[in-house]
Amino acid sequence: MVPPFSSASSLAHATVDALRQHLPFSGMDEADLAWLVERLSVVYQPQGAALLEAGGPPPDALFIVKQGVVEGVAPGAEATRLLQLTTGEMFPLGALLTGRAAVNRYVAASDAFCYRLAAADFHTLLGRSRAFSDFCTRR
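Here the sequence shown is numbered in the working numbering, starting from 70 and rising by one per residue.
Please keep in mind that the hints were generated in silico from the structure rather than gathered at the bench. The beta-carbon is built from N, C-alpha and C at its ideal position, and this holds for glycine as well. Hints are supplied without guarantee of correctness; some may be wrong.
Said to hold, decoys possible - Listed next, with one range per pair, are the computed distances between beta-carbon atoms:
{"no.": "1", "residue 1": "H82", "residue 2": "E122", "range": "15 to 25 Å"}
{"no.": "2", "residue 1": "P115", "residue 2": "A170", "range": "21 to 31 Å"}
{"no.": "3", "residue 1": "Q136", "residue 2": "S79", "range": "14 to 24 Å"}
{"no.": "4", "residue 1": "E147", "residue 2": "E99", "range": "42 to 52 Å"}
{"no.": "5", "residue 1": "L152", "residue 2": "V111", "range": "20 to 30 Å"}
{"no.": "6", "residue 1": "D203", "residue 2": "L152", "range": "31 to 41 Å"}
{"no.": "7", "residue 1": "A83", "residue 2": "P144", "range": "13 to 23 Å"}
{"no.": "8", "residue 1": "A188", "residue 2": "Q136", "range": "36 to 46 Å"}
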């Protein structure tokens with residue numbers, strides 16, 4: 070008899086399947102991807118809400134867009150949109166890699182759900198997964 074999937078393991082499998090649709094996750098070993106998924110949480114931001122402000126202390130997490138659109142906006146009064154991130158894209162890679170503050174403000178351009186990975190786990194994953202590390206450092 071096969072034991073039924075728990076809701077937690079079903080959610081983990083669905084998360085792995087969703088991430089596998091995007092780089093660098095599609096190139097990661099199964100064990101590293103499972104390790105990542107175990108450490109993710111999901112955050113929701115309504116349209117117009119900031120997920121991360123420019124300046125300040127170094128960010129404490131990596132965000133991976135799960136659903137919706139997130140924009141990177143130049144700080145200041147003009148708030149020029151510099152980039153638009155959609156499903157599977159990550160931010161703020163540069164700030165996490167260098168241990169500095171984010172240079173852009175990240176705002177939900179639509180209602181957005183993002184996976185959140187603590188900065189310490191991000192750095193551990195860089196050491197665990199060559200595919201993840203190569204993607205993050207060679208862009």
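Do the hints match the structure? See the list:
no.	hint	verdict
1	H82 <-> E122: 15 to 25 Å	34 Å, violated
2	P115 <-> A170: 21 to 31 Å	24 Å, holds
3	Q136 <-> S79: 14 to 24 Å	18 Å, holds
4	E147 <-> E99: 42 to 52 Å	45 Å, holds
5	L152 <-> V111: 20 to 30 Å	22 Å, holds
6	D203 <-> L152: 31 to 41 Å	21 Å, violated
7	A83 <-> P144: 13 to 23 Å	36 Å, violated
8	A188 <-> Q136: 36 to 46 Å	23 Å, violated
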